[in-house]
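Given chain A, work out where chain B should sit, using these hints.
Residue numbers (full-length UniProt numbering), protein chains in the order written: chain A, 1 to 200; chain B, 1 to 179.
Derived by calculation from the structure, the hints in this document are not laboratory data. No false leads were slipped in.
A partial selection of chain A residues facing chain B, derived with a Cβ cut-off under 7 Å:
1. I4
2. R11
3. F68
4. A101
5. A103
Taking lysine-lysine pairs in the DSS-like style, the calculated list, with each CA pair at most 30 Å apart, reads:
6. K78(A) with K61(A)
7. K54(B) with K40(A)
8. K72(A) with K59(B)
9. K36(B) with K97(A)
10. K10(A) with K59(B)
C-beta: ideal position from N, C-alpha, C; glycine also.
Residues per chain, in single letters:
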Amino acid sequence: MASIASARIKREFREVVTSDELTRCKIKLELLNDNFTELKGEIGGPPDTAYEGGTFQLEIKIPETYPFNPPKVRFLTKIWHPNISSVTGAICLDILKDQWAAAMTLRTVLLSLQALLATPEPDDPQDAVVANQYKSNNKIFLKTARHWTNVYAGSTSAAEPEFDSQVKKLVDMGFDSHKSRVALSSHLWNVEQAIESLYD
Amino acid sequence: MVLTEEDSSKSGKNNENSSDNASSQYECNICLETAKDAVISMCGHLFCWPCLHKWLETKPLNQTCPVCKSAINKDKVIPLYGRNSSNKTDPRDKIPPRPQGQRTEAPRNNFFASGLDGLHVSFGIGAFPFSFFASTFNFTTDNRMPAPPPGSPQYAEEQFLSRIFLIIAIIFIIWILLA
Chain A
1 MASIASARIK
11 REFREVVTSD
21 ELTRCKIKLE
31 LLNDNFTELK
41 GEIGGPPDTA
51 YEGGTFQLEI
61 KIPETYPFNP
71 PKVRFLTKIW
81 HPNISSVTGA
91 ICLDILKDQW
101 AAAMTLRTVL
111 LSLQALLATP
121 EPDDPQDAVV
131 ANQYKSNNKI
141 FLKTARHWTN
151 VYAGSTSAAE
161 PEFDSQVKKL
171 VDMGFDSHKS
181 RVALSSHLWN
191 VEQAIESLYD
Chain B
1 MVLTEEDSSK
11 SGKNNENSSD
21 NASSQYECNI
31 CLETAKDAVI
41 SMCGHLFCWP
51 CLHKWLETKP
61 LNQTCPVCKS
71 AINKDKVIPL
81 YGRNSSNKTD
91 PRDKIPPRPQ
101 GQRTEAPRNN
111 FFASGLDGLH
121 VSFGIGAFPF
131 SFFASTFNFT
141 TDNRMPAPPP
151 GSPQYAEEQF
161 LSRIFLIIAI
171 IFIIWILLA
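Looking at chain B on its own, in the form it has when it is part of the complex:
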């Protein structure tokens, strides 16, 4: 049968990595292959990180261990670093979704905490006339995306503009408070 032929050729390739029996206890519980970029859940079940990540994405509202259905989440899995695997490549490079997940949370926490930038953004969400103002301002910031080095005339000019906008904004606020 086609199946057995393919299988024998495949296992021939895999022979250098592992003998079947020894590796079976290190199989990912999702793809059933020897776990790559292995992570282990708090309940002790082994997965490839890409496999587990996909499973968690499939059921975002009810994240449970695929084996024992205990609660599970991204932050509570432990990566496993074998000697040989860590020598070749850093597993975290091969696990793109995990660092990304942490990065997406960060801006939400820093929303109001980061000085001047936060101030500008909060204008944007404020009263109606400001939203137009804020969007034009944001447009200018988008344009300077490759930030000019400090000390250059462009940098000074932008600092100046930024201050003017800040002053105008403060005047608006005072005007609104007085009106």
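Isolated chain A (complex conformation):
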């Protein structure tokens, strides 16, 4: 059965790499080994979202039972999104779990992930803190997501300079910059609360 998996990935890889549509959507795919079990995906943040301008790297692992079971996908690039863990990059998306169907391909998975960035599902969260913020304080959520896109996914637009200076404040106190950013993001950029959580 492993032969189905590798034969299919070979085809799907070609399909993604040669597709003009996917290049236009800023979707890329890269092989990491010769037996087609590990790939690296890349999706561009969709326009008119907090992720616009960023490029997000994905780890894709193909199980031996593919395509009867879904590929294992997680974000390598840190991202602030209700359905993606800000810690591990794990993704909560139904088609990567019980709604997977054997006719789906890497192309549809990558497009679905891009769509997930555009339309978060806060009621089916992976990261409870982010989902809560999305629902109760959407303005700050958008700013935070934009800030993370800027810092980790390399976008150049909307840098949120006040967030940078707040992170710098904590870094000057001796905290790790990523940990400081997580603490601030989780506490609506309230410096006192963030410091408190870092000391816990």
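What follows is chain B alone, placed relative to chain A:
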């Protein structure tokens, strides 16, 4: 790159079967190759039977079409017989899981319907003392697996034994009813 080399050699082999563009609409939706032992679902989607069978086995409780997710099951797919493929081999020979699936259902339906055999089996499930009796009986039937031809002394002997067991069983039942 390694990929392109392998691909070109592979497509070279496939050239006699099909040109790429013409065959792409007859690709199996699961393995993405030209469908072998093709079957089509009621919703119109094409698969290799082995591929679809494996998919249905993977999700036994929620059998849906891999393309459109409409309900699907073994009995509602239609095999496709092309002229050339049917000339070479009977597709059903190459699709072992399907006839097997039908065979496994059959014994359940015939469980009580087949005369004497059914009778013996029902003793086996009955009251406790009979289960031992039934198992010894089944042991003897296992032994004669290559069934003796009718008319041979062995056949007569077995018929005789079978009748004795039946009589003993009936006596037991009467005894239980009277006791």
